[in-house]
Structures are given as C-alpha cells and as structure tokens.
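Chain A is fixed; fit chains B and C with the ligands onto it per the hints.
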Amino acid sequence: MTTLTINGESRSIKASPDTPLLYVLRDELALNAAKYGCGLGQCGACTVIVDGKAIFSCITPVMLLEGRTITTLEGLGSPDAPGPMQRAFLAEQAAQCGYCIPGMIMRAQALLNRDPHATDESIKGELQPHLCRCGTHMRILRAIRRAAEEMKLKTADARTRR
Amino acid sequence: MTHAVSRRGVLAGAGALIIAFRLSGAHAQTETGTGGKPSKHGLPGSLDDTPRIDAWIRIDASGAATILTGKAELGQGLKTALLQVAAEELKLPLARLSLITADTARTPNEGYTAASHSMQDSGTAIRHAAAQAREILRDEAARRLGVPATSLQIRNGEVFGPNRMRLGYGELVRDQMLTVDAQQTSHLTSPADFVVMNQPVPRIDIPAKVTGGAAYVQDLRPEGMLHGRVVRPPSYGATLRDCDVAQVEQMGGIVKVVRDGNFLGVLADREWTAIQGMRTLAATTTWIEQQALPDSADLPAALMKLPSHDTTIHDTGNPGEPGILVEGTFSRPYLTHGSIGPSCAIAQFGDGKLTVWTHTQGVFFLRDAIAGMLRMPAENVRCIHAEGSGCYGHNGADDAAADAAMLALAMPGRPVRVQLMREQEHAWDPFGPGMVVKLRATVGGDGAIADWRHEVWSQSHMMRPGPPGALIAARLKADAFPPAPPVALAQPEGGGDRNAIPLYEIPNSKVVSHFLPDMPLRGSSMRSLGGYLNVLSIESVLDELAARSGQDPVTFRLRHIEDPRAREVIETAASRFGWAGRVKRSESTGFGFGFARYKNLEAWCAVAVEIEVPRQSGVVRVRRIVAAVDTGQVVNPDGIRNQIEGGILQSMSWTLFERVTFDRTRVTSVDWSAYPIMRFDSVPESVEVRLIDRPGDAFYGVAEAAQGPAGAAIANAIRDATGVRMYELPFTAARIKRAVAVRSEG
Amino acid sequence: MKLRSVLLALLVIGAIGGTAALLYAWEAPIPSIDSRSAGAPDRAKARRGASLALLGDCATCHTAPGGLPYAGGLAMPTPFGTIYSTNITPDPETGIGRWSEAAFIRALRSGVDREGRHLYPAFPYDHFTRVSDDDAKAMYAFFMSIDPVRSSAPPNELPFPLNVRLTLAGWKLMFLRQVRFVADSSKDEKWNRGKYLVDGLGHCGACHSPRNLLGAEKASASFEGGEAEGWRAYALGRRSQSPVPWDEAALTDYLARGSHPQHGTAQGPMANVVDNLSLVDSTDVSAMAHYLASLGKGEGRKDVETAPSGPGRLPQAAGIQAATPSIPSDSGGAIYAAVCASCHEGDRALPLGGVRLGLSTAIGGETPANLVNLVVRGIPASTGGSAHPIMPGFGDVLGDRQISDLANYLRTQFAGKSQWDGIGKAVADARVTGELDSATKSKRFGEGP
Ligand code: FES
Ligand code: FES
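Residue numbers (the numbering used here), protein chains in the order written: chain A, 1 to 162; chain B, 1 to 746; chain C, 1 to 449.
Keep in mind that the hints were calculated from the coordinates and are not lab data. The hints are all genuine.
Dumping the calculated BS3-like pairs for lysine-lysine here, alpha-carbon to alpha-carbon at most 30 Å:
id : chain 1 : residue 1 : chain 2 : residue 2
1  : B       : Lys-737   : C       : Lys-190
2  : B       : Lys-584   : C       : Lys-45
3  : A       : Lys-53    : C       : Lys-425
Extracted from the complex, chain A is given alone in its bound form:
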C-alpha cells in the first residue's frame, strides 16, 4: 500500500507499486484531469506537478512518489472557483477539444511558480514536450501570458499593501 499526498490530501493507494500515477489518478481516485495521450512521455497530456516540477504521470510509477507532494489540475481550482491559470484559459477561450489543456496548464503553472517573469521564449521552450493537435497554440500562449501578468499584479499588489 502506498500513501500519496494529492492536492493536499493524503490518500492510500491499493494499486501495485509499478502502476503509473496516471492510472491511479484516473482509475482509483476518479480524477479526470490528467489524460492518457501516449503513455510514452511524448505528448504531455498526463502532466501533473510533483514537488514543484511538471512530470509525466503516464511513466511515473507510484512507488517513486511516496511522501511527495502531487498537484493535479483539480488542485488549481474547480469549475465554480477556477484558479488564476484556469481563469486565464477561460478568458482566452484557450481550448478547442481541450484534451491537451490540463497538461499544458500544469506545466505552465510549474514554470510560473518557479519564474513569475518567464519570457515568451522560455514559455515556448518549456511547452516543447506538449502537443496540441487542434492548433490552439496561439491561445495557449496568450492564456499563459495573461496568467503571468495577473500573478505579477497580485504579487505587486500584495507588496504595496504590505
């Protein structure tokens, strides 16, 4: 039995230790956001954040994750209370079929957490492991830029109020 911390909650997992996190999230915990796209680390659809880093859940067995902090798209907000990155994707209507979007959001979130001043070039570079077949790239980039601006404003705001 493995214990995982997912979106702030501690969950006991029955799955065998070699089971990739993706299937545990979807199958055992009924979390929808991480998606199966390739199972090979080639597309990014399954991306979640572990200890601040964006990783492919499709190739990460749960046995490596004991005691580590896992965040999925569900942990960033809900349909009723979307988080800043999700709000930015909504504002830009940055989805067509949307299947690639959860992974994109997670990697962008990890990047901005690490570097709120990420440049357009570094955003593009960071998203290189991710595929979108619908051609939503321009909107995805706009959404991330918008989220970055908002997060910056918020920090600036917090600073002036202090």
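Then chains B and C with the ligands, alone, in the frame of chain A:
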C-alpha cells in the same frame, strides 16, 4: 422585429434580412451521409429530414427549453453555437437552455457531424424550429389573452401583452403543442435585433475541460465498469497463428480474455492491469503477415499506377492554348488524424440490448454498423455521443466503439471501457489518403490564364461505418465482414476531387478525377478531404504563372475572379497584411498568399503569410499570418476565429512535417517520435483572423476552410524566399535544403 | 572540447605570461575587403566547401538555438563565465564579409582573426592546421556564398585576465603545432582520406582524447576517451568499451545514420556530428570509418545478444512496449522494472525504439556520465519537426540516490561489471550541466532568425 422568410430565400423587411437559408446544391452522396436525395419537404436544413418541431425543441413547465441536435460536439464549439441560435430565436436566456447531442434514442438523425455542415444542417433547423416554436407560444398567448398576436412582445421567455398582461413559456406550453411539423416559412429575428447571435459567447464546454470536470467519454465511470484493451494485428490482413490465452487469464486482476477469430481483447478490473494483460497477450501472439504495401519511397508513382475510374468533372473551352507553361506534380503522403487522446468508448450489454457511449461522428451509422457486425436488430443498439479528443475526421472512434461492443458482449451486465493505445491509434487510423495532383497551365501574352488542366489521383475519402466492414473488429472476428466497398464522393462537394475545379475564370480548362478503388493503406475522411492538396496545387500553379508573367500574385488572383465575396476576402487579407507594401526583412524572407472557397460552396478564406527560410538550413519559420474569412451569418465570432486559427496551425503542421511511414508490411509511424507534428518551437509569431460581417446571410461551413489556403500560402512563401517550388509534401527542412542545393547547381 | 580545463590553463598562463610573450603574440591585421566586389562565386568550389563545413561541424558551434546557421551567438557556459560563438556569415558588419581568403585561412589554421586577435581554443584550430589549402579555400568560397545575416554575438562574459586575448598566445606557444597533413604512402588512399578528415576538419580527437592539466590533448593518449560538454566521448580503437566491438561497417552506418542496432543512437554533442555527417558525401564518411576501424578493436563481451530488434523478433502485435516485469526488492532493480523495462524490452527497432541495454556503451563504458545524463534529461523531441527518438527524462522524478541505484543496477546487470566509481558526483554533474543546458536553450529558444 421579426421577418417572414420563405424557402426561396429573399425577403427584406426594412431591408435588413436577406436570406434565411439556402438549398444545398449537392444532391450526390455527401460526406455527412444525408445528401444524395432531393428535398422531401422543402424545409430548411435538417428540418427537411426531421420536420417535427418537438424533435428539436422541448419546453417544460418551468419554461426552460431543451434543444436536441443530431450533431456532435467535436471541440469545434458546436454546442455553444447551437444554443446561441436557439436562445436568439426562442428569446430565452442562454442559461435556461440545455442541449442534447447525437443519441440514436433521442435526437434527430443528422448523419455525420462532418464536412463543416453542422451549422447549415442543424443550426438552420434549430433556428427555424425555434422561431416557429416561439410563434406557436405567442399565438397561444394571444388566444388566452384574447388580443391579437401582433400586439404581443416577447422577452426572456415571457410574452407581454397590453395592460401588463404577461405569460411565461412554462404557463403557455401544453402537451403536444410542439408536436407539429415545421412550416415552410419562419419569422426569423433580424440581425439588427440579435442579442446572443453574432456575440463571442464563451463556450459552455470549456469550464469542465480546464478544471478536470467529466468532459470526455474517457472520463465516464459507470458503476461496475471494467477496463478493456485490444491486441491489434501487426499489419493489415495479418492472421492469427497462435496465442497463449491461458497465460494471460492466470494474471491477477484479469477478468477475461476474449478471442474471436483474429480479434483479441482482455478485460480487467483496473486499467493498468488491462494494459499489462494486453502487452503480455501481444507478446505471446504470433501472426502470419503479408508484404502487401507499396514502396513508400515513391508513393506518388505507386498511386498513379493503380487502376482507376476516371471522370472528367469539368471541361470548358478548348484546352491546349499556348503560352508560358507551368506544370508540376504535387503530392501528399498519407496523414494521420492524430487525436491527442486515443479513441475510447464504453459499451454495456444486457437483456439483448447494447448501449455504446462513443465519440463517433455519426451515431446512427455506427449503430447500424455495430448491429450488423453483431447480427443484432438495429433497434436493440443505442449509440450515445460523448465527447472525445478532437478527431478531425474519421479517426479510431468507431473502431474503439466496435471493440467495446465486442468485449461488452462477452461480459453481459458490465459496462466495458476500451481505450486504444497510442500505437493502435497511429497504426490503424483510417488515414487521410495519399494523393497526387498533376497540373499544367499556361498564361497568355495578355497576362491572363489561357489554359488549365488538372488531374487528381486519390482513393476514397469516405470509408466511414454504415457497412460493418468499415469497423476493424468486424473484419477481425471469426464471421468476418469484408472491408466496406470504396465510396467515391461525387461533385459538387467531391472527395479526392474536392476543390479540384478552379474557382478562377479560365476560358479553357479541364479537370479529371482518377478515383482509385484499391487502397494500399486504410484511408477515410480527414479535414477538407482532397481540398487541401487540390487548393495547394492550384494556388501554387497560380502563383507560378503570376511570377513567370511578372504579375503580383494578389492582383493576378483578382484579375481572374469575379465573385464579389471572393474578391472581398482576398482584398481584406491583403490589406490587413500590408501585402502591397511588403518589404523583405532579410534575404530569407518569403511572402505567400492562398485563397479558396471551401468545396467551392462554403466559406471563403484567404491567407497571407510571412516566413523566413534560410537557404542553408531549409527550416521554415512562420512569422505572421493574416486570414480573412466570409462564413455568412456569424453565430459566434470567437468560435470561428478559434477554428480558423486551429485550421491554419494544423495545416502548417501537415505542410511542413507530417507523413505516415510504412515498410512493405507494416505501418511504422506508430507514435509521435516517428510521426512528428508541430510543437511549440514552430508556432507562428502571430496569427490574425478577420471575419467579414454578413448579417442576415445563411450559414456557410467554415471549420475546414483554412486548410487549403494556409498550406498554399506557405508553399508560395517558400518559393518566394528560396526560389524553389516544392511539390512533394511534407515540405521538410531537409527537402527544402536539398531542393535549394539542386537548383543552385542548375 | 573541455572548456573548463582550457580556461583553467589560460588562467595559469595569463598569470605567468610576461611581456616577453608579447612579441611572439602580436599578429598583424589583414586588410579588409569589399565582399560585394568579389566576382561570381565558384559554385562547384562552394559546394565542396559546404560539405567540408559539415565535416568540420562548423554550424554546431556557430549557431544559436533557434538562430540561423553560422550566425553565431551560441552561449558556451563555463565555470568562469560565458563565451559566445561568432557570426561566420558574410555580413560585412557583424560577420566575416570583410575577410579576405588569407584572413579566413589564418583564422582557420592559426586561430587569429582578421584584426589580429587570438581566438579561444574552443575553436579547434589545433586540428584545423591540418586542413589543406584547397579545402580551406573551398570553405571560404562556401561561407562567402551563403546569405549574410546581421547578428552580433553578445560580448563574452569572462573575468580578467581571461578576457585578455594575448594570454592565448602563451597557450598556443605551448600546444599549437602548425602541421599540415602528410599522407602515409604505406597506406591506401581511403585510409589517408579518413585520417585527414578525422584528425583535421573532423577534429574527433578534440572530444575523444583526454586532455592534460592545461587543457591540451595528450598526444600520447590519442582516442583514449575524453569529455565534451558533460558527456563522455568514448575511447575509440583498442580501448573501446563497446559490448560489441566496432567494425568498419558498423562505424560507417553509425556515422552516416546516427544509430546502429548493436550500438544505439548518438546522443549529446555526437548527435550534432552525425546529423552533419548524414548530409556529406558517403565516401567521406566511409573513409573516416575505414580509418577509425584501423585503430583496432576493443574486446567486447561474449555474452550479449546481438540479434537486431524490431520486426521478426518479439511482439509482432504492433505493440511497442512490453509488460512490466515483476518488481524485485532492490531499489535499482525495481526502478528499472517499473520505469525502463517497458520501452527497453519492447524490442522496437532503433533508432526510435529503446536500445537493448546489454548493448549500451553508456552502461558498459568508462564513466557513468552519459548514462546519468540520459536518465536525468532523456532525449527531447526534435525541434523543427523531424522524426527523432524521444525518451522522457527522469531527473525530476528520481532523486540522486535513486539515480545512483539505477545506474549501479544497470551496470551490474547489463554490463556484468562492478558498480560505478564516483556515481554520486556523476549525478550531481549531470544535474548541473542539464540545468545549464536547458537555461541557455530556453534563453534563446523561439527567437526568430
Ligand atoms: S500521456 Fe504522458 S506524455 Fe503522453
Ligand atoms: S485543444 Fe485539442 S489537442 Fe489541444
């Protein structure tokens, strides 16, 4: 203000409203599967097949409305657009509408959600049905209040009369009230009065998609669900020699192994266990394979050698006029749909009835195909659409549904979810067919095109289910069904010859379609069908003719086209782009232009691009793209922009990178390393989409309008930057570099 | 090239270098020319030069990520600061447009630019001295024929005294030998051509030979293995540790195609080399392979399975991954089984499939650097959309300890050798170079030409 609009089209109350709907000019079989017959009732859009108003609109006692459509959400924003149309005509707030999409047990049969037909079929039907439902409710209010209908106003689902009299839809509606056939005439809302149409309403499906809601068939988890996986043969026509079912059945968590002829599947409680079972089963299975594929190194030549059915689809004047001659043989390889989410379906069998949740584009056709495959009466099979990852045509959706059905039959009572593995989606995709276009044209001494001859070779672009043999599982099971017979979609919509007839005014021209009934690789519908290569070829030759005769490409196009709407998109794209004043930033800069009217029947689209292609690397970097689109009456401008942007980027990816590879036996491009598509390093710096406003006009299909023009504009820009004309897709860096080197030697 | 040592050496020399060296060090500028006045380019000559530029791997250093070929600007991070490669397109202001043929040849073979400044030996002029006059002229013709690009490299970020180029003269005095290539008449033409390319333009020894404390190649230990940008450049010839000994056919295949079923795919800096070689005349590549094969063979291992992967072997069923084997109790073995096995036992053919690990020199080789780099960074998808193997990196998933365990498991299990020495340091190094690499990449990434 409303306006009576008759079938024949034109009626102008106060000059505002022009055309309500249009007759499809196409009576041959179309990609949606519903054409091919003359109009039955003389009713607009899909009302003609399903005239009853309550088949489309139901209003309950609370005054809320449920809209039904036989079309499906494929990530194109259909749900939102249809609700906008219904809300506008019903005069109900969007929040009080809900929508049921394609479901064989509940919704009208509108064939396939394909070929950019949804707004013109379903949107038109719902708009008219909603307008008529509103009138019925208003008349009922007039009757109850004892006042003339013309004295009543409708707002927010309530009918207001004189002296503060008001009645809500919920109070007015009675059983059977909408159980009437639609009239030929509807009073449609004038564009001047639009509240929700022509507005960038946020899509209703996006919130769940960006927050992890249950947005896809992949996310459904009915009680008691089992996970299924299939083992696909390694190549077309392979037959199973031997496999070790027992070894897999002994694995913990495996519920069942199913073998039926060459069909193999496993069922397990957990998804990961099912995958492990599938891999173990695959490793123990041996197959007999044949070398049946052509030499991929020279696919164009192989295609042109196949037996063909030839049809002259266009013949005017006397081709053979002399002049400056341009000729070329253009080709595209097989392309894969490449959905990011491999296809998935859930099926449940019990009491002789089968229910399938699927992201197919055609629930009714799939129902028939599955029923046929399982030798069940069609009424015992129900297919319900649930969203999947974008499909861009006929991908593995139907095959996954058939796989789920096969496995569900083996486990009555339990819902069975099957998702294809990445390599299965890639290897067994009904690819967008490989094609060849040979074009030969001349420009005369007066600078006008004198002569044009276009030939196109292609297999069928329409191998969707209906016939069971279109489904992989049906071909594999012991009582197998043969592959479905190839269908040649006819003009005017066309299949491989879609958009092959030039829209330009050319006195002498001939267009021949070589339909190839033999199919080296499995192929079917993929966005824009033959339109992509035909437009790319036509626009390339046009560009070449302009260059050889010393004319500006945009001016040259305008010189040959009279259609004012075509002219307007060309002029709009050119002026927004700054075409006339364009200046190369460096020696590797190239500018390119492309135009087409999708299917020669639907939306008009022009695209201008600026790229950089250093000759020493051949790598194309797209800087700027400007597109102009005329899609008639706009329902959701942001939705259309989203579609056009997506179409442009996808077309860039096809044009620059994509190619299905195969050896003599197997498809070898089975993942994203072997079949690269566009990644973020190649996205353009900017994409701008201008919509031409056409208030009161009909809906023209737009979803696939950008594919041809975008590819063409890039091809022309490569020529402009490097001096080389590329013919064989994809235009990879290596090929461009080679072509440049060859040219500089010559 | 092992920049770190080179720069360390410069520091030493810079400190001891006195004014006496100045006399030796001074080089005269060569007058500028107006490239526009040059006659029509000799196409055949330029084409030959293009191929030579590929053999010399020029674009690899003289191109920034996402930038135009030969326009320079590649950042080369060092512990002392960053140096940037220069623009060698014929732009008169920012490139070599004002350089005469003589100036170009002096730079190529003596490491002195047109103005007379010494160039850092990151530019391997110690090999290029062997380039023939004819070849040097053809290369000049090629560079003058490409599109000029206006692009200035950022100034080097080096502290004093490394930023004083005269100190370089000291290094040259000690290590630069001006030797032209002389054919060995006892050997055949192919061998001589191969040696000329390998030792000269190809500058293979720059990476594949060890360097002394002052950063110069050890002449006595040619091809005994060296280092490049944090990767091990394996020993060639008799000291090769490859599980299957390299023969001429395998070398030819590998150099031309970037992979070989019994050896795996080229990674790290070697990936650029094979990309370039895939475009040159195949007779040159086979000459190089012919010469390299003449350096002798390693011993190899008797017990490795050498049958090629792919169709005809394991799962015929269009699967590309194998089921996970049962999970052993030791940490390294468990990670292998759960993380690596499905692809590496999937038997999909190279180059897109996972190499069979028993055949991997990264596991059987001299140092763990390459293995650890691969585990940490993986093999990223190609930029520019060509078919290319992709391996996810596991640096963010696996901790240092886990990577060490895995590397040691692979070493004992697949190479039959004892655990790695200094594996902890290798992991730390891999993380540092990985970070640096991705930092420079993303800095320039996506910028237009
Ligand atoms: S599903 Fe994990 S990277 Fe594609
Ligand atoms: S939005 Fe469909 S794949 Fe990205």
